[in-house]
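Sequence order for the protein chains is A and B. Following my numbering, the numbering of the first sequence begins with 2 at its first residue and continues without gaps. Following my numbering, the numbering of the second sequence begins with 287 at its first residue and continues without gaps.
In short, the hints are calculated from the structure, not lab data. Predicted, not measured: the structure shown is a model, and the values here were computed from it. Note that CB positions come from ideal geometry on N, CA and C, so glycine has one too. Careful, some of the hints might be misleading.
In silico contact screen, one side only, chain A against chain B (beta carbon under 8 Å); selected entries [said to hold, decoys possible]:
| id | residue |
| --- | --- |
| 1 | 18 |
| 2 | 20 |
| 3 | 22 |
| 4 | 56 |
| 5 | 92 |
| 6 | 98 |
| 7 | 108 |
| 8 | 124 |
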Amino acid sequence: MAQQPILSLRGVSKKFGAVSALTDIELDINPGEVVALVGDNGAGKSTLVKVLAGVHQPTSGVIRYEGREVTMDSPAAAMKLGIATVYQDLALCENLDVVANLFLGHELSPYALDEEAMEARSWTLLQELAARIPSVREPIASLSGGQRQTVAIARSLILNPRIIMLDEPTAALGVAQTAEVLNLIERVRDRGLGVIMISHNMEDVRAVADRIVVLRLGRNNGVFDQTTSHQDLVAAITGATDNAVTRRMEKHQ
Amino acid sequence: MSAPLDRADSRVRHDDSLTGALRSFVDRVKSGDLGMLPVAVGLVVISVVFSILNPIFLVPNNLVNLLFDCATVGIISLGIVCVLLVGEIDLSVGSISGFASAMVGVFWVGQGWPVLLAIAAALVMGGAVGWVYAQLFNRLGMPSFVSTLSGLLALLGMQLYILGPTGSINLPYESALVSFGQTLVMPPAVSHGLGLLPGIVMLIAGQRRRLRRGKANLSVPPLGGLVTKAAVLTAALQGAIFYLNLGRGLPWMFGLFVLLVVCLNYGLTRTQWGRSVIAVGGNREAARRAGINVRGIYTSAFVLCGTLSALGGTLAASRLASSSQQAGTGDVNLNAIAAAVIGGTSLFGGRGSAWSALLGIIVIQAISSGLTLLNLSSSLRYMITGAVLAIAVIVDSLARRSRISHGRG
Ligand SMILES: Nc1ncnc2c1ncn2[C@@H]1O[C@H](COP(=O)(O)OP(=O)(O)OP(=O)(O)O)[C@@H](O)[C@H]1O
Ligand SMILES: [Mg+2]
Numbered sequence: 002m003a004q005q006p007i008l009s010l011r012g013v014s015k016k017f018g019a020v021s022a023l024t025d026i027e028l029d030i031n032p033g034e035v036v037a038l039v040g041d042n043g044a045g046k047s048t049l050v051k052v053l054a055g056v057h058q059p060t061s062g063v064i065r066y067e068g069r070e071v072t073m074d075s076p077a078a079a080m081k082l083g084i085a086t087v088y089q090d091l092a093l094c095e096n097l098d099v100v101a102n103l104f105l106g107h108e109l110s111p112y113a114l115d116e117e118a119m120e121a122r123s124w125t126l127l128q129e130l131a132a133r134i135p136s137v138r139e140p141i142a143s144l145s146g147g148q149r150q151t152v153a154i155a156r157s158l159i160l161n162p163r164i165i166m167l168d169e170p171t172a173a174l175g176v177a178q179t180a181e182v183l184n185l186i187e188r189v190r191d192r193g194l195g196v197i198m199i200s201h202n203m204e205d206v207r208a209v210a211d212r213i214v215v216l217r218l219g220r221n222n223g224v225f226d227q228t229t230s231h232q233d234l235v236a237a238i239t240g241a242t243d244n245a246v247t248r249r250m251e252k253h254q
Numbered sequence: 287m288s289a290p291l292d293r294a295d296s297r298v299r300h301d302d303s304l305t306g307a308l309r310s311f312v313d314r315v316k317s318g319d320l321g322m323l324p325v326a327v328g329l330v331v332i333s334v335v336f337s338i339l340n341p342i343f344l345v346p347n348n349l350v351n352l353l354f355d356c357a358t359v360g361i362i363s364l365g366i367v368c369v370l371l372v373g374e375i376d377l378s379v380g381s382i383s384g385f386a387s388a389m390v391g392v393f394w395v396g397q398g399w400p401v402l403l404a405i406a407a408a409l410v411m412g413g414a415v416g417w418v419y420a421q422l423f424n425r426l427g428m429p430s431f432v433s434t435l436s437g438l439l440a441l442l443g444m445q446l447y448i449l450g451p452t453g454s455i456n457l458p459y460e461s462a463l464v465s466f467g468q469t470l471v472m473p474p475a476v477s478h479g480l481g482l483l484p485g486i487v488m489l490i491a492g493q494r495r496r497l498r499r500g501k502a503n504l505s506v507p508p509l510g511g512l513v514t515k516a517a518v519l520t521a522a523l524q525g526a527i528f529y530l531n532l533g534r535g536l537p538w539m540f541g542l543f544v545l546l547v548v549c550l551n552y553g554l555t556r557t558q559w560g561r562s563v564i565a566v567g568g569n570r571e572a573a574r575r576a577g578i579n580v581r582g583i584y585t586s587a588f589v590l591c592g593t594l595s596a597l598g599g600t601l602a603a604s605r606l607a608s609s610s611q612q613a614g615t616g617d618v619n620l621n622a623i624a625a626a627v628i629g630g631t632s633l634f635g636g637r638g639s640a641w642s643a644l645l646g647i648i649v650i651q652a653i654s655s656g657l658t659l660l661n662l663s664s665s666l667r668y669m670i671t672g673a674v675l676a677i678a679v680i681v682d683s684l685a686r687r688s689r690i691s692h693g694r695g
């Protein structure tokens, strides 16, 4: 591949006290590519996303953005580079309404908020995501789990980022909304953005991912693509060919 | 043109009419979003009870005095609103105000500085104290109630120190500062003119908003409601001003207080800074991940609180025509905090408004004035004010619980 990755990680590690959440992670994100990050619970996927979002600082390792070495010491720094994140825990302010959450930190006309433009933009964005949100002027606390997730996804698109990271974006979504999010992932990929998607749903992963990166116990455990068989993928995720998933499948055959 | 963007969902009841607005208000209150309701009810009850006990309570000149008294602690309470909104507290506002009043006395009367320079020094001191609290909080993670509690004592010490053994400095009676705090009232023409402003601003801003919403293909609230609201507001204000003008008239100091409330309200509701303040108070980590400079927001809140407290202290000195060891002690702290909470600013952060300081302090001063008229000793006044604060906090806690169970955060 001739083109330069937008983001590349070399030997990135993250320790929380005695726990090594990430060890020597290598990862490249190219423009116009969807990378799926998969792994068991506690494999370190969310930690990796948070490191790239500037929420956590890596203990060691190098992060390059378009070839330049960067340190992202705050979420604001990562956003400035064009990295947008949908967190697993969504990170919304429950006391603010939908519009305020979508534009939080990036309000239009900071000294005399342009509420009308922000509200109109919110509605169009939410319609693109087939969101079923009755009112954008209600506090987030009154929304359902899936509605909140849609708001979090919509928020990542507000800033026209170069890379979008989605940590289990479809976990709480209905059928139609999941399809819209997958469509959206393909649309932003076609616009040349890099996408990192975390999901436990192998169907979703296979549907959109160009590459599947497996993490296991905080380490790289192989890179696969859509042609990889289900068994091999499961083996990489669980770390053994003889595992609970294959045993179940054999039992049911 | 197609249906407005925000009217596509058939599940939502849209309360455009007057009865509709009333209905959505009742819904909000039921779900624990009380806003200004408790304080409005409280004011009516207080006025009725005290005017029955002593008819002098509602005499225009007593109300004028009440407004003079409101301004000093009210401005301090405005600072408290800022720190409460980010979910923190400043327990030393009384001491800051006392130290500020002492500084004005010592520098202006004692050292012969120009009065404005002395006031500026006091305000800078207040801001600096707030900045120190913010640094202790941001860098060392020191809980604000601990740092401000130690600040309370330290600042009180400084106040006593600079006042020296005499302990009290009288401010010159004929000075502008003292007449501002004691006698200066607006001429009727000015107060009636200023009383027209809110209605006019409401009309212009509302009409502008209607046009912009129409252009953005959003639903447009009816013009009738806007005009009605502005008319009712103007009539109420003009009536109140007329009544006050039967006495001495509307104090300039109260005007300054209202101006500050309006400015802070604009900052909190219409600027990015205000949005960030509310966000930090609601969910600090979410605010940080949204790219907000959380430490900067805490710093701005504490600095603003310190500065406003110092301004309140300066005005208290002008009100009493003296800087004394008693300034800022006693119930000043608690009244300032109680006013914000009574007015509807939550102790739990992320919820409240600048208006709560205005309404809350009127309630507190009304109680205090009513009890004074009944010749009750300050021991009883303290107990009653304490009870009112307790009630306000209970209402706040219950409302919060109800909001959570109604899914309104
Ligand atoms: N803030 C933290 N402090 C201490 N340990 C942490 C912290 N965040 C994560 N960890 C640890 O790091 C490891 C990886 O966690 P992470 O959240 O990245 O897993 P994950 O792959 O996202 O799992 P899941 O699929 O359940 O979301 C876990 O063992 C977790 O306990
Ligand atoms: Mg996770």
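How the hints compare with the structure:
no. : hint : result
1   : 18   : violated (17 Å)
2   : 20   : violated (20 Å)
3   : 22   : violated (18 Å)
4   : 56   : holds (6 Å)
5   : 92   : holds (4 Å)
6   : 98   : violated (10 Å)
7   : 108  : holds (5 Å)
8   : 124  : holds (4 Å)
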